[in-house]
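Respectively, the protein sequence lines represent chains V and P.
Letter 164 of the first sequence, counting from 1, is numbered 163 in numbering that gives the first Met the number 0, and no numbers are missing.
Letter 47 of the second sequence, counting from 1, is numbered 46 in numbering that gives the first Met the number 0, and no numbers are missing.
In short, the hints are calculated from the structure, not lab data.
All values reported here derive from a predicted model rather than from experimental measurement.
It is possible that some hints are incorrect.
Unchecked claim - When the alpha-carbon atoms are kept at most 27 Å apart in a straight line, the in silico DSSO-like pairs for lysine-lysine are as follows:
{"#": "1", "chain 1": "P", "residue 1": "K99", "chain 2": "P", "residue 2": "K38"}
{"#": "2", "chain 1": "V", "residue 1": "K38", "chain 2": "P", "residue 2": "K99"}
{"#": "3", "chain 1": "V", "residue 1": "K93", "chain 2": "V", "residue 2": "K242"}
{"#": "4", "chain 1": "V", "residue 1": "K122", "chain 2": "V", "residue 2": "K99"}
{"#": "5", "chain 1": "V", "residue 1": "K122", "chain 2": "P", "residue 2": "K38"}
{"#": "6", "chain 1": "V", "residue 1": "K208", "chain 2": "P", "residue 2": "K242"}
{"#": "7", "chain 1": "P", "residue 1": "K77", "chain 2": "V", "residue 2": "K242"}
{"#": "8", "chain 1": "V", "residue 1": "K54", "chain 2": "V", "residue 2": "K212"}
Protein chains: 2
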Amino acid sequence: MGKNLGFLLAFTGLLISSAVADWNILRPWKSSLVQEGLKNYCESWRINVELNNIKGFDVVPQECVEFVGKYMTSSQYKADIERAIEESVLYLSKGCCSLKGDDKDAWIFDIDDTLVSIVPYYKKHHFGGEKLNVTSLEEWMRKNRAPALRETLRFFNDIRGRGFKIFLISSRRECLRSSTADNLIKVGYHGWTRLILRKEADELMEVQKYKAKARQGLVKEGYRIWGIVGDQWSSFEGTPSAKRTFKLPNPLYYVS
Amino acid sequence: MGKNLGFLLAFTGLLISSAVADWNILRPWKSSLVQEGLKNYCESWRINVELNNIKGFDVVPQECVEFVGKYMTSSQYKADIERAIEESVLYLSKGCCSLKGDDKDAWIFDIDDTLVSIVPYYKKHHFGGEKLNVTSLEEWMRKNRAPALRETLRFFNDIRGRGFKIFLISSRRECLRSSTADNLIKVGYHGWTRLILRKEADELMEVQKYKAKARQGLVKEGYRIWGIVGDQWSSFEGTPSAKRTFKLPNPLYYVS
């Protein structure tokens, strides 16, 4: 019964929070039970995003912005990424992929929040709690300030050293090509085989379809896709996929 | 640097813990930094299981048994399940599925840790920290003591009421048929169309392949599969899949 009361209080807290623009206004009245309930609520939201049960959200729920912000700047987020990359390394070291040495063994990476972090942009924009302004994000991207995700960089170098051909398939638009390449090189990435960005025609379709189409192209060219590392489920879905995919956590935004 | 020290201590703690049979022996010496590092480590393990990056584990890592046990008996686990089911309800209420009224609209459920909870068994068996003894688990299953997952039961009734045909596709073996049906009925489930269990021949193949084969059978019979609710990625993988799938959390065990 005590727990039910806790949930009731928590739920009331959420209702109130939805009706008020800034959750922080309520903070002085938040009981620890409400805070516990809110943490439960936001953690459930986050895990269900990662489970791909919650799809296509435009913004992080207002009441979870603080929670998501904390996670994205935490040692937990770094540890979660590290573990995902460790599993990719394990996949390689267990002899996942018998490379033929014909230059047709491919590995695919996403760019944003996979190779480089765009969390610094979101930090200034309410951690996903406000609707994305593409113009403003692209302006930021043109400044080439996205830092490398250290673990992914190390893995990228490992993959390249093993003789895979690396393809970067991103939902970034074609007009960002030179900034994107500049940013990647600046933070230590080099030696990819192809940087695939969205052409105007691709902007008419869902990112998931555009990425699957790009993979179809690679397979037609004779490439064998051994793995994909990305932060969005839309980077893996559709056919052809890869022998293994590795999903990095990302509760900031959803790309369909 | 403080954080690095924390990780170093945590890592040392993990090394020690791996070498010692019972982590609890070490508890008096665990500093709060080590505890924090261990929590990070186990949370990363858990999220990477849910992201399907960590596959095919036989046991929960020894040092995370306490962490997993806490989660599986927490209000967080309940809230996570509730949210997953809420998303399934949302999918229905948004007009996901235009039922034709020809009795060919299908919905699939897993059984264990989807319709009913087998956490009570794992509670007595080190929360996934010891290798599964199938004989002992099946003995427990024959006692029909698995309680319903309340939210899934409500959703099951909702689905049935809307006119879907319900198929239960489980990795339980055929010899458990009557116990399984008894247990399900006892806790409130009724009105499913078919209970599909693993025949002897099916035991030779991976569960993922057996479940895909069962779905192939349904599609051949003319069924349209609108949704699957399950706790294992192997319940969704392979073709045909469903229009939408809903993954319930489960860090206790992995079914390939």
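Notebook entry, point to check: What are the numbers of the hints the structure violates, in ascending order?
Noted result: 1, 2, 4, 7
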